[in-house]
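**Q** Fit chain D to the supplied structure of chain G, relying on the hints for placement.
The lines below spell out each chain.
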Amino acid sequence: MATTTATLAFIKRQIQRSPRHTARIYLKEAGYEFLKSLRLRMYSVSVLSFPLMFYVLYGLVLYSKDAIGGAAVPKYMIATFGTFGVMGASLFGTAAGLASDRGLGWLEVKRASPMPPFAYFAAKVVTSMIFSAIIVLALFGLGIAFGGVRMPVAQFAILLGTLVVGSLPFSAMGLALGYFTGPNSAPATINLIYLPMSFCSGLWMPIMLLPKLVQKIALVMPPYHLAQLALGIVGAGKHESAAMHWEVLAAFTLICLGVARIGFQRDQGKLYG
Amino acid sequence: MIATLKQLQNEHPQYLDTAKPDLIVASLEGVNKNYGSVRALRGVDFRVHAGEVVALLGPNGAGKTTAVKLLLGLLQPNSGRARVFGGDPTNPENRMRTGAMLQVGRVPETLRVREHIDLFSSYYEKPMALAAVLAAAGLEKLSDRKFGDLSGGQRQRVLFALAICGDPDLIFLDEPTVGLDVEARRMLWDEIRKMVGRGKTVLLTTHYLQEADELADRIAVINQGEIIAQGTPAEIKAKTAGKRIRCITSLGLNTLRQIPGVTEVREDRQAVEIQAIEAEAIVRELLARDAKLSGLEVTSAGLEEAFLALTSDAATGDTAHEPNYPN
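Listed in order, the protein sequences are those of chains G and D.
The opening position of the first sequence corresponds to residue 1 in the working numbering, with each subsequent residue numbered one higher.
The opening position of the second sequence corresponds to residue 1001 in the working numbering, with each subsequent residue numbered one higher.
As a list, the in silico SDA-like pairs of lysine to any residue whose alpha-carbon atoms are at most 20 Å apart:
#	chain 1	residue 1	chain 2	residue 2
1	G	K28	D	E1125
2	D	K1126	G	L27
3	G	K110	D	V1104
4	D	K1146	G	G105
5	G	K110	D	R1114
6	D	K1146	G	G31
7	D	K1126	G	T22
8	G	K110	D	M1128
9	G	K110	D	T1090
10	G	K110	D	P1092
11	G	K110	D	R1155
12	G	K110	D	V1107
13	D	K1146	G	A30
14	D	K1126	G	A23
15	G	K110	G	H21
16	D	K1141	D	Q1154
17	G	K110	D	G1105
18	D	K1126	G	Q16
19	G	K28	D	E1109
20	G	K65	G	L142
21	G	K110	D	E1109
22	G	K110	D	Q1076
23	D	K1146	G	W106
24	D	K1126	G	R20
25	G	K110	D	L1130
26	G	K65	G	L52
27	G	K110	D	R1112
28	D	K1126	G	S18
29	G	K110	D	K1146
30	D	K1146	G	F34
31	G	K28	D	P1092
32	G	K110	D	R1106
33	G	K28	D	R1114
34	G	K110	D	N1091
35	G	K28	D	S1143
36	D	K1141	D	D1118
37	G	K110	D	D1118
Listed next, the stretches of chain D that the computed footprint assigns to chain G, with coverage defined by at least 3 CB atoms under 8 Å from CB atoms of chain G:
#	region
38	1067-1074
39	1099-1107
40	1110-1117
I should point out that these hints are in silico values taken from the structure, not numbers from a laboratory.
Everything numeric in this text was worked out from a predicted model, so none of it was measured.
The C-beta atom is built at its ideal place from N, Cα and C for all residues, glycine as well.
Bound conformation, chain G alone (with noise of 0.2 Å):
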């Protein structure tokens, strides 16, 4: 009687996955990773405090009745911050993730089940982007009512859509990160990345009133270009094409993604595929 249900078990099945069934996989990982990510305080707090402190420190309450490049710094700062404040819920939401998932064995038992193992990572970035949209919208909030800041609302979404899309390239570093750092070193190592990128691009302070030397650098930051990305909306941007910022954040992505994708495979256990 073993045998025979044995037998029955063992007969070749025909599984093959819907697409309905993929669509929900990946659904419920998104889901379930926004659910993890916001229970844990380390993250949910600490990546939507930093921010709004500064914004309010800086923007609202010291230099509020300031303007800097034709925008009045309550405005200016929704910029500046808010490409902060998505930078470091991408990097953290990704990379220091990643990093303990791979390093203390959680990684290898989704790998050993039946998961899409591209939807781990589309659950990672899709978190990175509705915490981006939060903290912008946080912003927005913050602005409106204490700042004074006036603009139509296809603008308010045009900032809004430019700030989420602009995390990806920080999702996609975040993914490399998390495949070259430990469990431990991941969050120190994202922070001495994150500081002083977000200082060199001028996020804490307008990028003129940086000294020269830092005004070059700058050029080959990625923050810096989705800030100037996020000024251009406001009405502050330096007037560089914004599509040649665009074709800097996607080449950034791509490398970032060829790396991660290096380490993908370094994990696999095979060079290839």
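**A** Same frame as chain G, now just chain D:
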């Protein structure tokens, strides 16, 4: 309802060739696996047949986890090959029919037990109902707990639940009862038996001899990356049961084999090793027949003792290291 083989063949003639009770569902074929200069597995040949429970028994660092990871397609062998359902373990269709419980350092702690199970269930085509999974893993009362709030034993049970929730045909359990108390261990054993009753195949690794003996149809003893014995628990016991007599004698192997009570004789350098149920009668006989017999040693070779020897061997010897995650 359980179909008979005949019914099955009538209804699905196209599956005739695969409907064999002796089907091999997982195998390592001449596998070598190195981590740098450390040889974790050396020339391992190993098969798991449909519907069996096989225990891979060995001390820490013997290569058990490496063997499981090769069969899950998480590692690639340096030579030889790992096969599952006759194909590549990384094949998505094979993964759909496989469940795995691995040793994990950290599981996302902010998700609830039922959320973890819900997500893993969604990967499979025909998962078990949540209530059934919770019951099988003894987690009914814990389903709303966050993973981070669970004790070590409870965490093990969640990992077990994730391995079985997809109702897979082949289940890998890497040290499933580590950190469980006696009661929880018994419960898990019962669950494993139930799954086998439903036609599942189970490969479990353990360093508890009793566990292998209780559960397995077949035991493969592994040490320092090599499988040193394979057989039914009874065969393994027979091989190592009783006493081992070692001596240097001029008596031929065939003569020795004919002494009543001798179960096995083999040459070991210039000495011979004789397995026997009782040592006294045989030693008397040996001394009577060969006055010049020397180097006489009698050791106990019970399975437990053999296993202890094996473990202490591994503790002092140059063992293969598996990546070990702290719990």
